[in-house]
Amino acid sequence: MGRWGRRGLPRRAGRSDWREMDFALSEEQELLQETVRGFVEKECPAALARQIFDGERGPAVKLWSGLAEIGIAGLAIPEKLGGAGLALLELALVSEELGRGVVPVPFLGHVLASLALAQGGSDAQQARWLPELASGEALGAITFGDIAPHAGDADVLVFARADGSLALAERGAFRSEPIASNDRGRPLSRVAVAAGAGDPLPGASLARVRDAALILLAADAFGAAHRLIRMTVEYSKTRQQFGQPIAHFQALKHQLANMAVEVDPTRGLWWYAAHVYDTEPERAERAAALAKAHVTDRAQQAARDAVECHGGIGFTWECDVQLWFKRILFDRQWLGTPEQHRERIAQMSGW
Amino acid sequence: MDLRFGPEYEELRQRVRAFCRQTWPAPGASDRERAIAWRKQALAAGFLSRTVPKTYGGGGFAPDVLAEAVIRQEFEAAGVPYRASAQGTHMLVPTLLECGSEAQRQVYIAKTLTGELNWCQGYSEPGSGSDLASLKSSARLDGDEWVINGQKIWTSNATVADMMFGLFRTEPAAPKHAGISYLLVDMRAPGVDVRPLRMMQGGEDFCEVFLNDVRIPTANIVGRRGEGWNVSRATLKHERMLIGDSQGARTMFAALVELAQRTQRGGQPASRDPAVRQRLAEIEGYLATQEYAAARMLTAIAKNRDASVAAEMLTAKLAATNLGQLLAKLAMDLLGERGLEEPGPGEADMGIRQFTEGRWVSQYMMSLSTAIAGGASNIQRNIIGERLLGLPRDQRPPGH
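From first to last, the protein sequence lines are chains C and D.
Each residue of the first sequence is one higher than the one before, counting from 228 in my numbering.
Each residue of the second sequence is one higher than the one before, counting from 69 in my numbering.
Please keep in mind that the hints were generated in silico from the structure rather than gathered at the bench.
Idealized CB from N, CA, C, for every residue including glycine.
Mixed in with the good hints, there may be bad ones.
Said to hold, decoys possible - Have a look at the derived ranges for each label pair, beta carbon to beta carbon:
1. D:R89 with C:P508: 31 to 39 angstroms
2. C:E270 with D:Q463: 52 to 60 angstroms
3. C:G430 with D:G412: 55 to 63 angstroms
4. D:G458 with C:W544: 24 to 32 angstroms
5. D:P75 with C:E535: 46 to 54 angstroms
6. D:E326 with C:Q560: 31 to 39 angstroms
7. C:E566 with D:P194: 45 to 53 angstroms
8. D:K204 with C:Q560: 25 to 33 angstroms
9. D:P75 with C:I540: 53 to 61 angstroms
10. C:I406 with D:D462: 25 to 33 angstroms
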């Protein structure tokens, strides 16, 4: 169905002339990002994210079908199988926008499962699953251990076997037990596939799919932290103490500036990781580890600072800051903490 | 987006490498002469100051982030003197290109690029640091000359500079920002007195400059009378970009890794210590952030889309300062008691490239200077808060 393609968006461009090499998004990539941002602003205001966070299922389903409707579910699925045939960079740009709006949809597991199938599924597996995943009729989920976000509703689960190979299990072939999750927008389940069950993905690489996950988590954390800093700025302009908005106090201004200097320039770090993932896979493992470690760590600290800047209201359940805080917490904690990835970087560097 | 070093860049790399082999060391009686002779060849070959128009001695090329990175890497590896004084090439030249007269560009730019003309920056004064616009050094028109009186301080390179670009109060009755002009001063003119200041690490790179009835031609003004503040903002922007240039930090990081590998702790290299590995990897996160932010900035500026990288531009200086300090602090921790020893005379200079133990001790102190020079870190935080985040300006007394 190739929704992006169908709406006249050119497919991913081939290598350009070397004089034009650059580190910027193409017009198509910018348009994609603006479209998703517009969708999120209109369809998923903080109040709606909050409703879903508090357990309402109806709006969550509607939100995901809306995103599938504009082609997000099949963004990185080949065109001939109904997707848009785009790459990880485009997925990361979408991830940034979903993080910015703490959009509580199963994007992460769905697109990673789709990516694993597109990279390493047999023709038969791809033909069975990718068209339905691209349209959003089927929902995918992924686990690299025994927990997975949004696995409860999944039709197909990609999972890692003990030998490190990837396989898939259809609904019914895996069990999922909900876990009370900090990030209620992306609730986790403990999943288990019966011994010997599941269908191996012959060409898929666990490491390669995991690197994609790390990059999407970094992009999500960046978007969330970037927005949370701006929300905190807006709050500081309205909150009055000592007869004036607290935004006038230099202590707060400097704290906010420190948050921005830690988070804002990191955009290029995950851009680069996504870019080499698509173009120079041999560089991707290190770049993905660096992006995941650095961006999610900086984002988490900014989220902690944002709570502090808000004062007492900041650590209440009713204040929206917690939605962003927990979104970033998920991005930081899932699939290896910054410390673990830094040790991997040290090993890859031969230090 | 495309950042691959394709075959064309490898070809460029080979050309630069061969060029360095053929041209360095260049002939000359002194380091300075050799450096100038070499830079002339590198400029002619289009490898240096690539984006400065050809008329003024540059390469006349459109910016190309990758080509510049390849060239810098090869220059660094070959140890060629490609960095002329940064005040000249990275601050004065861009300012003249933006605000200078045609005659000023013709007279100054080419010789500045070769290093024949050395510059220092006359901005700060004893009473005017972060509040620079309160500066008092004055220039008064007398016939066809400006007569300058006052004192500048923290002036790097003043002992070797041929010229100073500086800010002087020419309209004493005007509001403070509107009363300043940007003037070019011959450092050998009668009445210029340079006194080096010793820094905490022992080096003498910066100075006080006393100006007593110093006379310069009226043509030595850049921009119009009273517009010096805006002209200087153009320069400061470039100074921040310069500090955000990450090649130096990458070189220093490689030296830091090497220090960790040659430092023994508990019978093995310190680079095997998990705590050290964590810190190195965290520093590399900041370093890579700076490199890709720089790549984004250069691309955006080349496409006249500066606004899209406002965040990177406004945070570059503070981020680079923070990174430099992380590097130096880890080095000091690796040195342990060796860090108790005062750096030797040669190790206290800013420009030295060899990362001896003493150089790291010096760097531990010198890394504080970037938190002060070119807009102090707390001023940067104000700028980030106000211009990037849209927070209200600090409340200042009327007229400030």
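Now the hints, each set against the structure:
1. For D:R89 and C:P508, the hinted distance range of 31 to 39 angstroms is satisfied, since their beta carbons lie about 34 angstroms from each other.
2. A hinted range of 52 to 60 angstroms for the beta carbons of C:E270 and D:Q463 is inconsistent with their spacing of about 41 angstroms.
3. For the pair C:G430 and D:G412, the beta carbons lie near 60 angstroms from each other, so the given range of 55 to 63 angstroms is met.
4. Distance hint for D:G458 and C:W544: a CB-CB separation of about 29 angstroms, consistent with the stated range 24 to 32 angstroms.
5. D:P75 and C:E535 have their C-beta atoms about 52 angstroms apart, which keeps the hinted 46 to 54 angstroms range intact.
6. Taking the beta carbon of each, D:E326 and C:Q560 are about 34 angstroms apart, inside 31 to 39 angstroms as hinted.
7. Roughly 47 angstroms separates the CB atoms of C:E566 and D:P194, a value that falls within the hinted 45 to 53 angstroms.
8. The given range of 25 to 33 angstroms is broken by D:K204 and C:Q560, whose C-beta atoms sit roughly 56 angstroms from each other.
9. Remark: the range hint 53 to 61 angstroms for D:P75 to C:I540 is upheld by a beta-carbon distance near 58 angstroms.
10. Between C:I406 and D:D462 the beta carbons are some 48 angstroms apart, a value that contradicts the proposed interval 25 to 33 angstroms.
Consistency with the previously given hints fails for numbers 2, 8, 10, ordered from lowest to highest.
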